[in-house]
Every structure is written in structure tokens, then in C-alpha cells.
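**Student:** Let the sequences and hints guide you as you build the complete structure.
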Amino acid sequence: EADIYQTPRYLVIGTGKKITLECSQTMGHDKMYWYQQDPGMELHLIHYSYGVNSTEKGDLSSESTVSRIRTEHFPLTLESARPSHTSQYLCASRPTGTGNTIYFGEGSWLTVV
Amino acid sequence: GENVEQHPSTLSVQEGDSAVIKCTYSDSASNYFPWYKQELGKGPQLIIDIRSNVGEKKDQRIAVTLNKTAKHFSLHITETQPEDSAVYFCAASKPSARQLTFGSGTQLTVLP
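If you read the sequences in order, they're chains A and B. Counted the way our numbering counts, the first sequence spans residues 34 to 146. Counted the way our numbering counts, the second sequence spans residues 150 to 261.
The hints are simulated quantities; they were obtained by calculation from the structure and are not laboratory data. All figures in this text were calculated on a predicted structure; none of them were measured in a lab. Be aware that one or more of the hints could be misleading.
What the hints assert, rightly or not - Listed next, the in silico DMTMM-like pairs over lysine to aspartate or glutamate satisfying Cα-Cα at most 20 angstroms (straight line):
#, chain 1, residue 1, chain 2, residue 2
1, B, LYS217, B, ASP176
2, A, LYS64, A, ASP36
3, B, LYS243, A, ASP63
4, B, LYS186, A, ASP63
5, B, LYS171, A, ASP63
**Tutor:** So, in C-alpha cells, the structure goes:
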């Protein structure tokens, strides 16, 4: 059982608002990821981090930004939300070493109206 | 980079029948192959994984087989139950990779 938590689980906000999706893990994993997923569809990597003060953009271009000031915390921020940002955002983490799986949080469902 | 293809995209089976989902990968250096199950409204959960030093692994009704020569691996679910209905993702990773490469997912529906 993985201990990775995302808040909020569900959020409806207006266009132009700034939002931050929180992600925390208590396993001490150095690698953390954000994926964007439309319901039942492919997982698209938008951001990842290999440790504190390390962040990289993923395969799918995203207008969101991330930060990694503490090992356990990897928040994602949208400065000005738009309807095209409506999606599910999944946070994940992975322990050090090769051949290790990643563990996902329950996801944050964002709807921008 | 690694490329993982997953088939079929949708699969419907009668309760009690078996279900098989197949994935192929492109990088022969990949050595770790997990399978995830994603239920509606939840994040993907690891259900089984296999490493390249074995050809098959079983866990109750779930099994995974790996053919390194052909570069494909499969998920087998026997005696399917309605609660097996979900989206299933395969993935592959090589030792130097910092992330998993996921397949596009299979929506499995088990009909009562």
C-alpha cells in the first residue's frame, strides 16, 4: 500500500483562477511525477522530479508549473486556469533504484468553467 | 526511446471467462514490466509485475507472461468477475530509465 496523498480530490473553478494541486508522500521516495489523464484514456507525463530542487517537463506540454522544495511534497500550480485544463491530474512517486514500480495517488479531478 | 503498444483498447468478456491483454515493447534493454488496474475515479494500482529474468508469474487469478525474444508480455485474468471491470495499463522500464513507459490502456468489461 502506497502512502501518497492528493488534495483536493475534486475542484470546480472559474476561468482565470490560480490553483495549486497538492501532492505528498510519506515513503521518502526521491522521484515524483505528475500525469494528466482524461477519463479512461492514456497517461501523459507532464512533470517529474528526481529530488529536491530538481524538476523537469514531461512528454506532454503543459502550462502548469511544479516545485520540489521538500522530498515529500510536489505541488502543481496553474497560474490562470482555462477550460482546456479540465482533466484528472495524477501524482506518483518511485523509490531510488532501478526496476522499481511507481505508486499513484487517487488523483485530482479539475473542472474549469 | 521506449515505445509500448497495448491491445486491445476495449475487451468485453462474460463473467467466468478468461481475459488476455497484450503489450509489445521496442527497447530490448527493458527489464521491468508492471501492470496497473485503474478503477473509475481512482488512481492506477499495481496488480502484478515481472522482471526479465523470469518468463511467467502468477498471483491467484492473475498471471503475466514475458517473451523477451519477441519483446511482448501479456496479462491473463482467469475466472473473471464483475469487479475485474476497469482500465488496465501495461508499462516497461529499462535499468537506466528514470520513468516507466505506459501502454495506452485497455478497458475491460466483465458482463454478468
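**Student:** Which hints, by number, does the structure contradict?
**Tutor:** 4, 5
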